Amino acid sequence: MAEQPRLEQQPGPEGPQQPEPGAEQPAPSLRSYFGSPKADDDVFSRLTGPGSRSSAMMASQVNLAQVAAPSTAGGVQVAPPGPPQLIQVPEIAPNVEETIAHEMQEALEYEERRPRFSIGPESAEEVEREVAEVLHQLPATAGEGAASTPETPEQSVPEPAAAPSAEQTGLHLDLTPSQTAVTHPRPDPDFDDVTQQVEEVSLADEAPAPVEPTRYPSGTASLEMDLPATPDDPSMSPAIVDDLTGSLQLHSAETDRQHDAWIPSERTQAVLDSMAHSLPGTFYPSVDSLTLPGCSLQTDLTDPVLELMVQYMTPTEARQRSVLTADSVTQDDRGIRQLIQAGCYRSAVNLTGRLLTNYGQGYGRAGQLSKHTANSVQLWFTRLALLVRLRQFAVAEREAQAWGDLDTADLFFQYYPDLYGGRRGSMVPFSFRVLLAELPRYMAHYQTSLDRLYQIHSVCQQITSNLVAGRSEDGSPSDLSEAARQQSLTLWNSRRLKVLFSVVNCCVGMKDYDQAIECLSQLSSELPRLSAGLRSAVGRVYLQLGNVAAARAAFASVTEAAPASESGHSLQCQQLINAALLAIGENDFADAQSQFERALELEPQNAAVLTNVAVCLLYRGRLAAAVTLLEDAVFARPELLQETVLLNLCTLYELQTSKCNRKKVALLARVGQNRGDGFNVGCLKLQSAA
Amino acid sequence: MDNKEEHIVALKVMRLTRPTLYSNPVVSCDPRDLPGTTLSAAPDVTRLPHLPHLQLGEMLLLPQSFGSIYLGETFSCYLSVHNHSTGATACELTVRAELQTGSQRLTLTPTAGADRPASLAPAASRDHLIQHEVKDTGAHILVCAINYTTEAGVNMFFRKFFKFEVLKPLDVKTKLYNGEYDENAVFSDEVCLEAQIQNVTPSAICMETVTLEPSPLFDAVDLNTSAEGDGSVFGASGWLGPQDSRQYLFCLRPRPELRLASAKQLKGVTNMGKLDITWRTNLGERGRLQTSQLQRMAPTYGDLRLTIEDIPSVVALDQTFTFTCRVHNASDRTLALALRLETPSAGLVWRGVSGRPLGRLAAGASATVPLTLTARRLGLQPVTGVRLLDAALNRPYDYENLAQVFVAAPAPAERQPETAAC
Numbered sequence: 020m021a022e023q024p025r026l027e028q029q030p031g032p033e034g035p036q037q038p039e040p041g042a043e044q045p046a047p048s049l050r051s052y053f054g055s056p057k058a059d060d061d062v063f064s065r066l067t068g069p070g071s072r073s074s075a076m077m078a079s080q081v082n083l084a085q086v087a088a089p090s091t092a093g094g095v096q097v098a099p100p101g102p103p104q105l106i107q108v109p110e111i112a113p114n115v116e117e118t119i120a121h122e123m124q125e126a127l128e129y130e131e132r133r134p135r136f137s138i139g140p141e142s143a144e145e146v147e148r149e150v151a152e153v154l155h156q157l158p159a160t161a162g163e164g165a166a167s168t169p170e171t172p173e174q175s176v177p178e179p180a181a182a183p184s185a186e187q188t189g190l191h192l193d194l195t196p197s198q199t200a201v202t203h204p205r206p207d208p209d210f211d212d213v214t215q216q217v218e219e220v221s222l223a224d225e226a227p228a229p230v231e232p233t234r235y236p237s238g239t240a241s242l243e244m245d246l247p248a249t250p251d252d253p254s255m256s257p258a259i260v261d262d263l264t265g266s267l268q269l270h271s272a273e274t275d276r277q278h279d280a281w282i283p284s285e286r287t288q289a290v291l292d293s294m295a296h297s298l299p300g301t302f303y304p305s306v307d308s309l310t311l312p313g314c315s316l317q318t319d320l321t322d323p324v325l326e327l328m329v330q331y332m333t334p335t336e337a338r339q340r341s342v343l344t345a346d347s348v349t350q351d352d353r354g355i356r357q358l359i360q361a362g363c364y365r366s367a368v369n370l371t372g373r374l375l376t377n378y379g380q381g382y383g384r385a386g387q388l389s390k391h392t393a394n395s396v397q398l399w400f401t402r403l404a405l406l407v408r409l410r411q412f413a414v415a416e417r418e419a420q421a422w423g424d425l426d427t428a429d430l431f432f433q434y435y436p437d438l439y440g441g442r443r444g445s446m447v448p449f450s451f452r453v454l455l456a457e458l459p460r461y462m463a464h465y466q467t468s469l470d471r472l473y474q475i476h477s478v479c480q481q482i483t484s485n486l487v488a489g490r491s492e493d494g495s496p497s498d499l500s501e502a503a504r505q506q507s508l509t510l511w512n513s514r515r516l517k518v519l520f521s522v523v524n525c526c527v528g529m530k531d532y533d534q535a536i537e538c539l540s541q542l543s544s545e546l547p548r549l550s551a552g553l554r555s556a557v558g559r560v561y562l563q564l565g566n567v568a569a570a571r572a573a574f575a576s577v578t579e580a581a582p583a584s585e586s587g588h589s590l591q592c593q594q595l596i597n598a599a600l601l602a603i604g605e606n607d608f609a610d611a612q613s614q615f616e617r618a619l620e621l622e623p624q625n626a627a628v629l630t631n632v633a634v635c636l637l638y639r640g641r642l643a644a645a646v647t648l649l650e651d652a653v654f655a656r657p658e659l660l661q662e663t664v665l666l667n668l669c670t671l672y673e674l675q676t677s678k679c680n681r682k683k684v685a686l687l688a689r690v691g692q693n694r695g696d697g698f699n700v701g702c703l704k705l706q707s708a709a
Numbered sequence: 343m344d345n346k347e348e349h350i351v352a353l354k355v356m357r358l359t360r361p362t363l364y365s366n367p368v369v370s371c372d373p374r375d376l377p378g379t380t381l382s383a384a385p386d387v388t389r390l391p392h393l394p395h396l397q398l399g400e401m402l403l404l405p406q407s408f409g410s411i412y413l414g415e416t417f418s419c420y421l422s423v424h425n426h427s428t429g430a431t432a433c434e435l436t437v438r439a440e441l442q443t444g445s446q447r448l449t450l451t452p453t454a455g456a457d458r459p460a461s462l463a464p465a466a467s468r469d470h471l472i473q474h475e476v477k478d479t480g481a482h483i484l485v486c487a488i489n490y491t492t493e494a495g496v497n498m499f500f501r502k503f504f505k506f507e508v509l510k511p512l513d514v515k516t517k518l519y520n521g522e523y524d525e526n527a528v529f530s531d532e533v534c535l536e537a538q539i540q541n542v543t544p545s546a547i548c549m550e551t552v553t554l555e556p557s558p559l560f561d562a563v564d565l566n567t568s569a570e571g572d573g574s575v576f577g578a579s580g581w582l583g584p585q586d587s588r589q590y591l592f593c594l595r596p597r598p599e600l601r602l603a604s605a606k607q608l609k610g611v612t613n614m615g616k617l618d619i620t621w622r623t624n625l626g627e628r629g630r631l632q633t634s635q636l637q638r639m640a641p642t643y644g645d646l647r648l649t650i651e652d653i654p655s656v657v658a659l660d661q662t663f664t665f666t667c668r669v670h671n672a673s674d675r676t677l678a679l680a681l682r683l684e685t686p687s688a689g690l691v692w693r694g695v696s697g698r699p700l701g702r703l704a705a706g707a708s709a710t711v712p713l714t715l716t717a718r719r720l721g722l723q724p725v726t727g728v729r730l731l732d733a734a735l736n737r738p739y740d741y742e743n744l745a746q747v748f749v750a751a752p753a754p755a756e757r758q759p760e761t762a763a764c
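Protein chains in written order, with the numbering used here: chain D, 20 to 709; chain A, 343 to 764.
For the record, the hints were derived by calculation from the structure and aren't laboratory data. Watch out, some of these pointers could steer you wrong.
[As the list claims (entries may be wrong)] Calculated pairs, BS3-like style, for lysine-lysine (alpha carbon to alpha carbon, straight line, at most 30 Å):
1) LYS616(A) - LYS682(D)
2) LYS515(A) - LYS616(A)
3) LYS683(D) - LYS477(A)
4) LYS517(A) - LYS678(D)
5) LYS683(D) - LYS505(A)
6) LYS354(A) - LYS505(A)
7) LYS477(A) - LYS354(A)
8) LYS530(D) - LYS477(A)
9) LYS477(A) - LYS616(A)
10) LYS354(A) - LYS678(D)
11) LYS477(A) - LYS515(A)
12) LYS616(A) - LYS517(A)
13) LYS616(A) - LYS678(D)
14) LYS477(A) - LYS505(A)
15) LYS517(A) - LYS477(A)
[What the hints assert, rightly or not] Some, not all, of what chain D presents toward chain A, calculated at C-beta under 10 Å:
16) LEU291
17) ASP292
18) LEU343
19) ASN597
20) ASN631
21) LEU637
22) ARG641
23) LEU674
24) GLN675
Note that the coordinates shown come from a computational prediction; the quantities given were computed from them, not determined experimentally. Ideal placement from N, C-alpha and C gives every residue a C-beta, glycine not left out.
Let's have the full structure, built from the sequences with the hints guiding it.
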């Protein structure tokens with residue numbers, strides 16, 4: 020045996036490599052700007068030692084990351100590791116794709132539709148008002164509807180054979196929650212009032228589906244599309260509200276059931292059963308089997324853009340920033356949506372805090388008794404989603420702690436029979452489950468995330484197999500219509516696939532590339548129309564690992580992918596981008612640049628490709644050209660004022676000259692005019708005073 | 343020595359590691375939920391429009407830190423010289439880059455920008471790229487020296503120093519096994535190399551190639567491929583996690599033409615060859631290492647070599663079988679040899695005459711000797727008890743454990759009926 024003489028033993032690779040202080044300073048680590056989800060990444064986590072500049076935000080994030088305790092161990096049930104088993108439901112695949120494709124489309128088209136549609140439940144006051152209006156004007160309609168229920172499922176779903184088309188589903192989705200709100204009023208913090216309201220509308224509650232078939236013989240979908248307004252529009256007349264109510268009641272109940280379905284753990288099921296079998300008001304589960312959340316932020320989040328403007332610009336210039344705040348919108352769900360729409364994520368978080376305080380779940384209320392409603396759970400989901408968007412992972416994790424694995428009895432509709440009538444299922448939106456499952460990975464607890472994701476995945480599989488076996492989602496016997504069953508299958512299959520995407524993201528983050536590739540291949544076989552994109556993703560995973568040969572093979576297989584490849588890039592553009600990335604793998608930046616430029620000709624609006632051209636220019640020694648390209652794009656198209664683009668641009672600025680603050684402040688001014696308070700100012704690499 | 347303030351040009355240096363594919367965390371949201379589509383509608387250049395749930399996008403992010411640099415990687419740097427004055431031109435500008443290690447100084451020649459005009463107008467920049475394959479571990483200092491003349495004709499000069507540490511990426515341990523470890527070559531002159539390669543970086547790397555460049559007397563056979571599938575026994579992805587290691591196995595065989603002609607010469611050869619290792623990391627960043635000559639302990643053959651030419655590996659119980667040995671005279675004199683068959687092992691019994699003479703064997707010559715055994719016990723049985731007697735010196739050469747034979751039960755075809763009868 021001979022130890023290799025040439026490779027001398029060195030001390031471990033812990034020491035950060037810092038250029039001499041006083042000499043050129045390295046750019047601070049990525050983590051400092053983005054709080055790095057790739058927390059284990061050597062390249063990014065290394066350079067935060069003394070000597071490198073760091074923004075205040077970074078310091079706080081890093082510290083929090085160290086302090087944060089693994090909060091998740093208790094509640095997590097360990098799912099079997101390894102890739103999930105597939106359930107064969109071949110006929111569903113096309114619908115799933117449609118659903119996913121539709122959601123994409125929906126997101127893209129949102130700009131046009133946004134002002135006219137209400138998506139979620141509205142404030143309690145508004146709901147009450149509408150309920151009152153409905154009650155006063157149309158008690159008879161509800162009764163009629165109740166009488167005509169048996170036939171309604173078939174009538175209400177146009178073209179049941181032609182699949183619960185995603186388009187149709189989507190439209191219903193847009194409207195149903197408001198509808199739900201009318202049927203099941205979201206309680207005000209003032210519970211007594213609400214209870215009264217509920218008792219008054221009990222007729223409507225028990226009637227499963229009042230429908231007016233004669234008035235809408237051609238089906239409801241087209242009609243809904245033309246609706247000029249939605250129930251949340253205060254100017255809307257009560258009559259219109261009622262029309263909507265009537266035509267949508269069935270879809271509401273049906274889609275509610277599909278979306279809310281969940282299989283509780285045995286323990287939780289036992290609590291729910293005890294509830295159901297005891298007299299109202301006589302059964303109280305123990306406190307430790309309840310979810311008792313509370314906000315952890317005592318003070319409001321402030322606008323970092325404004326703070327930086329005050330620091331670097333004249334007071335007059337700084338005063339020109341005008342963005343929405345929690346005070347300038349209505350104090351309800353619509354206000355939150357307005358704030359999110361404007362990119363004011365911090366203000367939106369503040370507003371959720373206020374609204375949750377009304378529910379008794381505000382600051383310091385963690386661990387204390389409070390009552391959940393569908394709306395309060397939605398507020399929590401929104402709040403935590405925004406915190407993740409803001410990369411306030413530590414705060415999010417702290418507040419998520421109380422939620423555990425979202426499996427307590429008080430998160431089920433059955434727990435509140437007086438409020439929600441016979442409604443069953445979980446009040447927790449599916450996205451909330453996925454969000455909480457993903458949260459640990461942002462703090463580099465990848466395995467916890469994977470365990471939770473696979474647990475959700477297995478429930479999705481269970482629900483799918485229940486449906487296939489002709490039972491309802493949670494396994495209870497049911498007499499679902501075939502159309503409804505197919506619709507639900509499509510929904511749950513698409514949810515299962517979403518979880519698989521999350522697994523891929525998690526595996527890439529933890530650099531378990533083998534598993535990521537396996538999951539991507541599975542997705543590719545289940546979503547053949549997206550296979551060009553998915554196979555390209557496999558190629559990128561290989562490239563990240565450094566396996567250039569395998570990446571080349573994966574990219575080559577894109578050509579064989581179905582030519583009917585969906586939207587997104589054209590196949591040609593995708594291939595050009597792949598070829599360019601491969602050229603970077605071979606260190607041929609000249610070739611990469613020309614490929615990216617050809618891709619840019621095909622998709623002039625693709626900002627990622629534009630940025631990549633600039634990156635290639637730098638590696639070819641053409642710094643000035645790279646700066647010009649990015650700068651022109653950012654100033655011409657305000658929508659490109661995004662953190663990742665600006666981080667690249669500011670990196671170039673810093674290489675170009677030591678006196679680059681002027682240019683950065685010019686960017687800050689643009690950001691101040693165009694972006695909300697959710698902007699991550701770290702990307703500007705301006706030292707903040709704090 | 344240099345006062346920064348008086349210079350009109352400034353030097354900025356950035357290490358060019360490969361860019362990274364970067365994207366923001368995915369927060370998905372059902373249109374039914376409270377935020378509606380507001381969250382997913384926010385523009386994000388890192389998101390793929392057709393795969394909104396996939397985080398791994400196509401956007402490149404420039405390196406944000408110096409990162410780590412490992413032995414065998416290429417150190418690339420961008421030197422940007424910028425004239426930040428408002429009206430003064432820097433003339434006769436030269437940029438020199440030098441890399442100092444503990445033992446040497448290397449002048450690095452820029453691959454771009456060398457032929458740029460010598461004077462730098464206000465607000466103009468000059469760009470240089472330098473590349474260097476790192477061949478030493480330990481502290482390195484990049485020294486950049488800038489010379490220029492002001493319009494007034496004053497020579498100006500300043501230097502900047504950038505220090506970085508080069509780390510070891512892989513831990514390589516090798517073991518060489520001579521085929522003849524106990525002077526009784528079963529596989530004659532072959533040498534096996536076992537190389538344990540451990541990833542000592544903190545992140546996963548992709549092993550691209552591990553090859554053995556044998557010394558000129560040997561042929562190397564790569565034993566790291568499997569017959570089925572796509573080749574490598576380590577799987578297709580090449581993935582080697584932090585602190586993980588792999589065992590590579592190679593077999594070195596003397597070139598056939600040298601095998602008998604120069605047995606003596608082969609005996610003294612200790613240089614076996616070099617291992618050549620290439621690996622890649624993020625987006626194909628490449629590293630390459632070559633070990634120094636791997637040395638083996640020279641085998642001591644003695645004067646006589648007894649090698650087995652041909653022996654069955656499996657024989658049936660009670661079967662008598664013959665195998666062939668080759669006796670090679672590795673000494674420089676003629677030997678008169680006699681063959682004695684000593685007490686055999688319990689499982690095998692010699693058949694034939696013990697003490698028969700083999701005749702005279704000239705120096706360097708060899709002869710084949712057929713031997714016969716009968717198998718008496720089941721299981722793996724060693725062939726022992728061969729003794730060659732040098733008549734001139736009356737010196738015995740013993741060969742214990744010459745080979746091993748597996749004695750199996752009589753062929754299944756014969757036994758099967760019995761079992762059936764039972």
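Hints and how they fare:
{"no.": "1", "hint": "LYS616(A) - LYS682(D)", "in the structure": "violated, 53 Å"}
{"no.": "2", "hint": "LYS515(A) - LYS616(A)", "in the structure": "holds, 13 Å"}
{"no.": "3", "hint": "LYS683(D) - LYS477(A)", "in the structure": "violated, 39 Å"}
{"no.": "4", "hint": "LYS517(A) - LYS678(D)", "in the structure": "violated, 57 Å"}
{"no.": "5", "hint": "LYS683(D) - LYS505(A)", "in the structure": "holds, 28 Å"}
{"no.": "6", "hint": "LYS354(A) - LYS505(A)", "in the structure": "holds, 14 Å"}
{"no.": "7", "hint": "LYS477(A) - LYS354(A)", "in the structure": "holds, 25 Å"}
{"no.": "8", "hint": "LYS530(D) - LYS477(A)", "in the structure": "holds, 28 Å"}
{"no.": "9", "hint": "LYS477(A) - LYS616(A)", "in the structure": "holds, 16 Å"}
{"no.": "10", "hint": "LYS354(A) - LYS678(D)", "in the structure": "holds, 11 Å"}
{"no.": "11", "hint": "LYS477(A) - LYS515(A)", "in the structure": "holds, 19 Å"}
{"no.": "12", "hint": "LYS616(A) - LYS517(A)", "in the structure": "holds, 13 Å"}
{"no.": "13", "hint": "LYS616(A) - LYS678(D)", "in the structure": "violated, 51 Å"}
{"no.": "14", "hint": "LYS477(A) - LYS505(A)", "in the structure": "holds, 16 Å"}
{"no.": "15", "hint": "LYS517(A) - LYS477(A)", "in the structure": "holds, 24 Å"}
{"no.": "16", "hint": "LEU291", "in the structure": "violated, 23 Å"}
{"no.": "17", "hint": "ASP292", "in the structure": "violated, 28 Å"}
{"no.": "18", "hint": "LEU343", "in the structure": "violated, 12 Å"}
{"no.": "19", "hint": "ASN597", "in the structure": "holds, 9 Å"}
{"no.": "20", "hint": "ASN631", "in the structure": "holds, 5 Å"}
{"no.": "21", "hint": "LEU637", "in the structure": "holds, 7 Å"}
{"no.": "22", "hint": "ARG641", "in the structure": "holds, 7 Å"}
{"no.": "23", "hint": "LEU674", "in the structure": "holds, 5 Å"}
{"no.": "24", "hint": "GLN675", "in the structure": "holds, 6 Å"}
Hint compliance for this structure: hints 1, 3, 4, 13, 16, 17, 18 are broken, all remaining hints hold.
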